[in-house]
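Enquirer: Keeping their order, the protein sequence lines are chains A and B. Numbered by the numbering used here, the letters in the first sequence go through residues 1 to 467 in order. Numbered by the numbering used here, the letters in the second sequence go through residues 1 to 467 in order.
One or more hints might be untrue.
Chain copies aren't distinguished; within one or between two, either way the pair holds.
[To be verified] Lysine-lysine pairs mimicking BS3-like chemistry, simulated, CA-CA at most 27 Å apart:
1. Lys403 with Lys39
2. Lys118 with Lys262
3. Lys402 with Lys40
4. Lys34 with Lys402
5. Lys54 with Lys149
Calculated directly from the structure, the hints in this document are not laboratory data. In this text the structure is predicted, and so the values were computed from the model without any measurement.
Number of protein chains: 2
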Amino acid sequence: MKKFSSFALTVLFILISLTGYIPNTNAQTLSNKKITGYKKVAKQFVRRALEDRKGYHLLKELTDIGSRLSGSENSIKAIYWAKQKMESLGFDKVWLQPVMVPHWERGNIEEAKIVLSKKYNGRKLAVRALGGSIATGKNGIQGKILSVKSFDELRAKKDQAKGKIVFFDRPLDQGLYSGGYGGVWSYRVFGPDSAAKYGAVGLLLRSITTKFDNVPHTGVTIYSGKVKKIPAVAVGYLDSDFLRMALKKDPNLEVNFKLNSKWFPDAKSFNVIGEIKGSEFPNQIITVGGHFDSWDLGVGANDDGTGSIQSMEVLDLFKRLNIKPKRTIRAVLFINEENGLRGAKVYGAYADSSPQKTIAAIESDAGSGTPRTFDIDSDSLTIAKIKTWLPVLNETGILQIKKGSHGADVGQIKSAKARIGYAPDGQRYFDYHHSDNDQFSIIHPREFELGSAAIATLVYMIDREGL
Amino acid sequence: MKKFSSFALTVLFILISLTGYIPNTNAQTLSNKKITGYKKVAKQFVRRALEDRKGYHLLKELTDIGSRLSGSENSIKAIYWAKQKMESLGFDKVWLQPVMVPHWERGNIEEAKIVLSKKYNGRKLAVRALGGSIATGKNGIQGKILSVKSFDELRAKKDQAKGKIVFFDRPLDQGLYSGGYGGVWSYRVFGPDSAAKYGAVGLLLRSITTKFDNVPHTGVTIYSGKVKKIPAVAVGYLDSDFLRMALKKDPNLEVNFKLNSKWFPDAKSFNVIGEIKGSEFPNQIITVGGHFDSWDLGVGANDDGTGSIQSMEVLDLFKRLNIKPKRTIRAVLFINEENGLRGAKVYGAYADSSPQKTIAAIESDAGSGTPRTFDIDSDSLTIAKIKTWLPVLNETGILQIKKGSHGADVGQIKSAKARIGYAPDGQRYFDYHHSDNDQFSIIHPREFELGSAAIATLVYMIDREGL
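Let the sequences and hints guide you as you build the complete structure.
Expert: Spelled out as structure tokens, the structure:
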């Protein structure tokens, strides 16, 4: 920290009064010479990532295994693939950290159709079980529809809910630059309980998506146990439009839907961890992670195969460029972010009680778009310090460092000095999210690889400049 | 501009010495109240653009007409479509500005194959004429291949060029965050002449692209007239890989390629111009434009149907929100950016000699990606002023205002106080550029529409705050 004489402090005070300028005494800018050197390294990370496309090819290998829902056979296959891959990349230490995870399976029956309607009888609706939904029984759940747009509207119409299927016809708000998800996710998570409370027998949820297609998006739903559990499905966006229209013409139509999803006892699983040991401060850990589990629709290429592979590639980029970190760089592939956060809790407890200190924990769980922002959760001096690195991070496409929220997993590392979220361009994110659309083919190699380079550059800056 | 007393100046001087802080005396920040108000308008632009997707649907209509190469029948159809559309959107004044444009047609023969090779005889290569290439004659151009990676290498091997076909096997440098195009475009533009100078009879150019597919990308090539004109084609990226490999195994193979492209006399065409008259300063013009011509491959959805439609939509967004501009806002769809810049020259001469003053000219010709940056070509005080608007522009996804280069068209408005380039995310730009890949389907509605909102917000800020 720069030290000011009392004279200078007086001058500062006068200036602040005059101009409103508040100098950040902590944010000592880097010398031009240092910046030049760091930019060179950043450009090398970018070049290696973009030319080699090594992470992109690893992501192809991973997604070829299939989806990776916690507790599934595939997830275990993928975990061993990742461990073997980290070993073959020559990380100093690779290990599996045991985690017990919830185990739910979708089953093979997901059907819905309109019944008891002259006009629309037999019309099928594209549906997918919400993650964790109970099954319906063989004959399915059937009832008239109570269509509402919000919890408030449901409460106002609670007397009409009994014996019906509630349809939350609430599109993601597309009129926002970002944040539309914030207005809908709670309907998926708490929708079934909110409807069951008033005697509803099932739940239809308009698919949470930014894409006008008919691919239903799943995601976790939670039963509190305080009310009867009712089965719940997402309805494709276009079929939700259809149902909305049909209900106008025939409010008394009924819908029948069938699920044979199933809950199993908790299953044994693992976080996958690999590290390169620091040469000077091996007990200072810079963690970079993504979550390794995915939903069981699609193959979780974007959510969050991307963050998992980028985390591995960050370490590999250090190796490819033959850069020896001073601090220990650790890639953590957290299991069970989607429906339990169990991996993050196990790792967080481990890290918080370790004699090693996590100085920064970076998560990539916002997709594979072009780099834009790092969101920092730390004290203001630390944020100010990271802001002085922006000219270096610019080389990778990062245009902004700001106070903000990180991924859910690194949030469990309470002792970390900084928790950081990598926030790339996300305009396409909810086109794919938790659905069959989340395939390898939607990953753009340059955008994806720039993410690896951006995170590697941030890790490098933390490694060299400390936090 | 804020005025400082001599005491304050002394204090400032001391502070500058102590901290290196140089206050920008021009960049008077906006009051919080003003910022709040402006942000509200920016959010409305975003909401209307994203919810209505009106520009996106207009782009569909435009690209349904087809490609719009200068001088083509399609380009004239599209020009009248745009004029009619601007009229139906209710702009105050709409007119066509006559421009004579070059007229070249690709013809219907574009073939290339390997001949006189035991191993590879008859192997076809995917080729497309470079824009402006002469035809080959019925029997095609045939010759051995001189493969080089640069002008320097060609010069070094000039004695081997006579009677041969030069193959510029020079991939776009993918190892850069951006700027790879800067290292290759001159080979397309000046390649034929550089090869003809040493007696070559034809030119093959590895397609300039970031996508590993086999779709050749065209673009303008220029004959100086000082050497013999030789025909020139782009070769698909994958077939360029094949040819590279084949030449290693059989350096004496020959290639035969055929084109029946044709030059015609200059044709009559038009810039399309529409405006909303300013209520207070009608003689101050804020121009927003894109180029309306495209290459004849694909449909020019990204390059530059995007910029053309965004320009129209900016005016329409003012109308949709019922915002009356104080200054005149003018959309200019420039014809012939791709192979002549004739429309820009005609418009520039008109604007520069008009009693009306162009205070800012914004071009969108960098594709349909998510907003990132406005590049400003103006004096430093003007740039500093625009920088103070960043908190407002942030609402639309803009994260950066910097000194930089604008589009080619607005560069012809020499009298403009500021020439501004809209610079969205461009990682996919050269996947599509000048090729059959440039289709409506590659436009992402949210990313595209945010461009309209970002430009509308900048126009609004210039309108309210002046420049």
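Enquirer: Give a verdict on every hint.
Expert: Cross-check of the supplied hints:
1. Proximity of Lys403 to Lys39 under the C-alpha cut-off of 27 Å is found in both arrangements, the shortest distances being 23 Å within a copy and 20 Å between copies.
2. Taking identical chains as interchangeable, the C-alpha atoms of Lys118 and Lys262 are never at most 27 Å apart, the minima being 34 Å within one chain and 63 Å between chains.
3. Taking the shortest alpha-carbon separations for Lys402 and Lys40, both the intra-copy value of 24 Å and the inter-copy value of 21 Å come in at or below 27 Å.
4. Taking identical chains as interchangeable, the C-alpha atoms of Lys34 and Lys402 lie at most 27 Å apart whether they share a chain (22 Å) or sit on different chains (23 Å).
5. Only between protomers do Lys54 and Lys149 lie at most 27 Å apart by alpha-carbon distance; the minimum there is 25 Å, versus 45 Å within a single protomer.
Hint 2 from the list above is the single one not met by this structure.
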